[in-house]
Amino acid sequence: MSSTASSRVPDVEPRFFTRAQWASFIIPTLILAVLLPVFNAVLPPDHLLHPSTFTLNLYGKYATYAVLALGVDLLWGYLGILSLGQSLFFALGGYAFGMHLLLMIGKDGQYKSDLPDYMVFLGYKALPAHWEPFYSFGFAAFAVMAVPALLAFVFGWLAFRSRIKGVYLSILTQALTYAAALLFFRNDFGFGGNNGFTDFKRVLGADLNSVETRRSLYIASVLLLAGVFLLYRWLTRAKFGHLMQAIRDGENRVLFSGYATARYKLFVFVLVAAITGVAGALYVPQVGIINPSEMTAEKSIEAVVWVAVGGRGTLLGPILGALFVNALKSWATRAAPELWLYFLGGLFVTVVLFLPGGLISLPAKFRSIWAKFRSKAPASDSSAIGH
Amino acid sequence: MLRLLVRLSLSFSLLLAPSLMLRAASGPVSHSPARAQLIAALVAPPAEQAAAIRALVGVEDSAITPALNAWRAGELFLVTLGDGTRAPATLAPAPGAEGQLLALSVDSATPLLDSTSGKPLIFAPKQLKPLDTTAPLRRAIRDVLEVAGVSDPTPSVRRESVERLGQSRKAEHLPLLKARLVIEKVPVVRAALTDAIAFIQLADSDSKVRLAAIASLTEAHSLAAAARFKEQLAATPAPPADEAAAMVAALKKIEAHWQIVNFFGNLFRGLSAGSVLLLIALGLAITFGLMGVINMAHGELMVVGAYATFVVQNIFVSAFGLGSFGFNFYFIAALPVAFAAAAAVGLLMERGVIQFLYKRPLESLLATWGVSLALQQTFRLVFGPANVQINAPSWLQGSAAISDVLFAYNRLFVIGFAALVVLGVWLVLNRTSLGLLVRAVMQNRQMASCIGVKTTHVNMMTFGFGSGLAGLAGACLSQLGNVGPSMGQLHIIDAFMVVVSGGVGNILGTVAASLGIGTVDQLLQPVLGAVMGKILVLFAIILFLQWRPGGLFPTRNRSLD
Chain A
68 MSSTASSRVP DVEPRFFTRA QWASFIIPTL ILAVLLPVFN AVLPPDHLLH
118 PSTFTLNLYG KYATYAVLAL GVDLLWGYLG ILSLGQSLFF ALGGYAFGMH
168 LLLMIGKDGQ YKSDLPDYMV FLGYKALPAH WEPFYSFGFA AFAVMAVPAL
218 LAFVFGWLAF RSRIKGVYLS ILTQALTYAA ALLFFRNDFG FGGNNGFTDF
268 KRVLGADLNS VETRRSLYIA SVLLLAGVFL LYRWLTRAKF GHLMQAIRDG
318 ENRVLFSGYA TARYKLFVFV LVAAITGVAG ALYVPQVGII NPSEMTAEKS
368 IEAVVWVAVG GRGTLLGPIL GALFVNALKS WATRAAPELW LYFLGGLFVT
418 VVLFLPGGLI SLPAKFRSIW AKFRSKAPAS DSSAIGH
Chain B
437 MLRLLVRLSL SFSLLLAPSL MLRAASGPVS HSPARAQLIA ALVAPPAEQA
487 AAIRALVGVE DSAITPALNA WRAGELFLVT LGDGTRAPAT LAPAPGAEGQ
537 LLALSVDSAT PLLDSTSGKP LIFAPKQLKP LDTTAPLRRA IRDVLEVAGV
587 SDPTPSVRRE SVERLGQSRK AEHLPLLKAR LVIEKVPVVR AALTDAIAFI
637 QLADSDSKVR LAAIASLTEA HSLAAAARFK EQLAATPAPP ADEAAAMVAA
687 LKKIEAHWQI VNFFGNLFRG LSAGSVLLLI ALGLAITFGL MGVINMAHGE
737 LMVVGAYATF VVQNIFVSAF GLGSFGFNFY FIAALPVAFA AAAAVGLLME
787 RGVIQFLYKR PLESLLATWG VSLALQQTFR LVFGPANVQI NAPSWLQGSA
837 AISDVLFAYN RLFVIGFAAL VVLGVWLVLN RTSLGLLVRA VMQNRQMASC
887 IGVKTTHVNM MTFGFGSGLA GLAGACLSQL GNVGPSMGQL HIIDAFMVVV
937 SGGVGNILGT VAASLGIGTV DQLLQPVLGA VMGKILVLFA IILFLQWRPG
987 GLFPTRNRSL D
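Residue numbers (the working numbering), protein chains in the order written: chain A, 68 to 454; chain B, 437 to 997.
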């Protein structure tokens, strides 16, 4: 596996960004983060270029998914850890922020109580102590990163210390996710059970249903994606990135060269968990609900599929994959709901078998096929095409 | 014309059928004294009816209960015969071709014949009004029915009604129960009778009788008695000191007994849950442990086995009818079918997808996950999204009790079956040439290939074998729980945990891990609840792997990585 992976990923380039690359990074970012919201605000709704608020909301959701996918890719494509627990970190960030949003409902809930609706329903008399700090936005924002990071640290420290790797690590992360989902499904665990948190009203004093708030959330999601992309780009291009890929391709050699590989792995694992938590926190106000089905192992595997489809070991691939698969999902679940699972399943199998490099490798593949065709084709053919 | 024909043939058949029946029977009506008393009570004038019915208490006859039940349900009618006498009757449940109903006599359930013409009596629906009941009559009927079960021919009915009488705490039932105890032969019913008598005697006026009753109930470890003791100890006119002491001692003894019983019950359930896990994990131990393929569709292969059982069941139902003698054998026939069906799907998977991924285990996880999604959707499309109904054959229903510990037959079967399958797998792997080849290929694929082993062939067979085992697990699981499209997802993570904590590539480890995990899970459940127990076990496994990353029985290997 290691040899095939190394041959697929191009050698690490020393430069962070060339000028052309800067351009191709900044222009789409500006279009997405500035132009679309401006069009949404300024142009009349029936204008050809007017993106509806619904569309922006959808793109915002996809952007948070793309951050999740980038995390999976950094771990899997660059570090060789296939974690099936990333949706858990995503959902934990979502839950931490959801707690804040739930408290911000105030007395506007169904029961007109200071307590969140489900607590009234379950007969709570007072807010549990660990909920108190979540009245503060600052604390909630901290918890959004700290909770997933803490869990990742404890689990990662235990796992990497005893050198659990490969398939075993995948299965363990899956079991962790499964156990956590079971826990959150319980009413007496105190996080709303099955139904999770919903009916959010406002964030930072702004109405969540207003167009402005939705637009701002969308912009924040796109900026988060851009920022995370830059951060990961920098990480992978630095010496640190070389080391990550070295660990992926031959951990023992790196270990014997004197690097404490477990610490590197733990650092990336925790960093990715924290960033994924932020993505989850931005996801929740945009979809308006967080419940335990977001943290199941299936969701994690779906994120892995986005990466596999887009192309792992690249940073653009996961973003493409997240967009492509989710757009396909929105279309297919409406057009042919009973066939969607066949689509998804077929996509898994096809990508794994025929396109290990993902969508991002398609141009290169076509180029090589084209080159082969050109070299094999007789001269008369090429002249006939038009020289 | 046609209508006339039909009417003619109908009246002919109506005439003929009862007369044939009557020839077969010994006489027109069986006039046992009990039945005569019943009929007399039913046609008695309203003022005397209640007393006449009460006189039926303790009379042994199988016709009394249905007749009184029909009366209560408003399905009993009074029919005036040709000679002016009146007879009680029920109506046949199925109407004739023109909706007419045949009157049935209450004592023999055969068609009621007119005393003068000898013809069967036929009525249109709603022509007759059901016999009325009044409050005193209903009370009388209830009293008769209450004790009627005690003399029922079926032991289980007798036992239930005896227990009910005991719970009623009415001293008036004592003579009946005592009389029954003298002639009762079935041990279970005898025990129930003794308990019921003692239970009623707890309220006896004689203190000696009460003490004896307490002792008797203690001996029987009766839970109902324990509740009653608690109630009496808490009551305001506290029982006399010696009785209170006896009750406290009895409570202790009964509770200690049930603690032991529950412990063994849980142990047994744990063993059977472990056996289920073992059945599921054995296939995985081969495909994942030996071959290194992470087959996320293993759960779905199991579901294939369960649905194969469902199909075989339906074939048997249509061939023999539900609950018939032949039907009971469907499960035996389903086992090989389930194995073959799952193995066939597994072989298809191996040829289509997995054979390209032997060197890329992480990617086999993704591809097989995709296959599992497609399979789940196929189940939904073919069998519908809801769970399907699987009826257990009669020999898997019920349970055996050894000193109050219940051993359900289906769970016993699973334990035995799992042991057989383990033995079979061990024999195949260690005592057949196929097993030798399998082990050779799994240890070193290239080396085996070099010395002439057809590795692709062996891979195929091994994967098919592991998949077939999943099918067997599914067939067994269909007897224990629901069968639905997403049933596989419930078990797959548990199964992987079993294989990982048992030590990959090791059958013995899988056995130990699955039985251990199943038992610990079941023992924790009553203390922590079903989900918390499961979560705790999962975390325990994660921690256990810190201590022994290779599992219980790690494979020794000199290679690094």
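No wet-lab data here; the hints were simulated from the structure. A couple of the hints might just be wrong.
[What the hints assert, rightly or not] Using 30 Å as the maximum straight-line C-alpha spacing, the simulated DSSO-like pairs for lysine-lysine come out as follows: (1) B:K795 to A:K439; (2) B:K795 to A:K366; (3) B:K970 to A:K366; (4) B:K970 to A:K432; (5) A:K232 to B:K614; (6) A:K232 to B:K621.
[What the hints assert, rightly or not] Pair by pair, the computed Cβ-Cβ distance ranges are: (7) B:I768 to A:K432: 39 to 47 Å; (8) B:E511 to A:A193: 41 to 49 Å; (9) B:L659 to A:G205: 54 to 62 Å; (10) B:S830 to A:A196: 52 to 60 Å; (11) A:V187 to B:N918: 29 to 37 Å; (12) B:L784 to A:R320: 38 to 46 Å; (13) B:W983 to A:V105: 54 to 62 Å; (14) A:R230 to B:R796: 15 to 23 Å; (15) B:N918 to A:R230: 53 to 61 Å; (16) B:R796 to A:L406: 21 to 29 Å; (17) B:L659 to A:L406: 51 to 59 Å; (18) A:Y178 to B:L610: 55 to 63 Å; (19) B:A769 to A:Y178: 52 to 60 Å; (20) B:V618 to A:F188: 54 to 62 Å.
Beta carbons are placed, not taken as given, at the ideal position from N, Cα and C, and that holds for glycine.
How does the Cβ-Cβ distance of W983 (chain B) and V105 (chain A) compare with 54 to 62 Å: does it lie in that range?
-> Taking Cβ atoms as reference, W983 (chain B) and V105 (chain A) lie about 58 Å apart, which means the hint holds.
With 41 to 49 Å as the target window, see if E511 (chain B) and A193 (chain A) comply at their CB atoms.
-> 59 Å, violated
Cβ-Cβ distance between R230 (chain A) and R796 (chain B): within 15 to 23 Å?
-> Between R230 (chain A) and R796 (chain B), where Cβ atoms are some 21 Å apart, the hint holds.
Does the Cβ-Cβ separation between N918 (chain B) and R230 (chain A) fall within 53 to 61 Å?
-> 40 Å, violated
When you take the CB atoms of R796 (chain B) and L406 (chain A), is the distance between them in 21 to 29 Å?
-> Once the Cβ atoms are compared, 28 Å apart, the range 21 to 29 Å for L406 (chain A) and R796 (chain B) holds.
Does the Cβ distance between A769 (chain B) and Y178 (chain A) fall inside 52 to 60 Å?
-> Since A769 (chain B) and Y178 (chain A) have Cβ atoms about 57 Å apart, the given range 52 to 60 Å holds.
Given hint K432 (chain A) paired with K970 (chain B) - CA-CA distance at most 30 Å | 48 Å, violated
Straight-line alpha-carbon gap K795 (chain B) to K439 (chain A), limit 30 Å = 28 Å, holds
CB of V187 (chain A) to CB of N918 (chain B), is that within 29 to 37 Å?
-> At roughly 34 Å between Cβ atoms, N918 (chain B) and V187 (chain A) fall inside 29 to 37 Å, so the hint holds.
Take a look at whether the Cβ-Cβ distance between L784 (chain B) and R320 (chain A) falls inside 38 to 46 Å.
-> 40 Å, holds
Measure nothing beyond the straight line between the CA atoms of K232 (chain A) and K621 (chain B); if it is 30 Å or shorter, mark the hint as holding.
-> 66 Å, violated
Status of the given 39 to 47 Å range, CB of K432 (chain A) versus CB of I768 (chain B) | Cβ of I768 (chain B) to Cβ of K432 (chain A): about 54 Å, so the range 39 to 47 Å is violated.
Going down the numbered hints, you'll see the structure goes against 4, 5, 6, 7, 8, 15, while the others check out.
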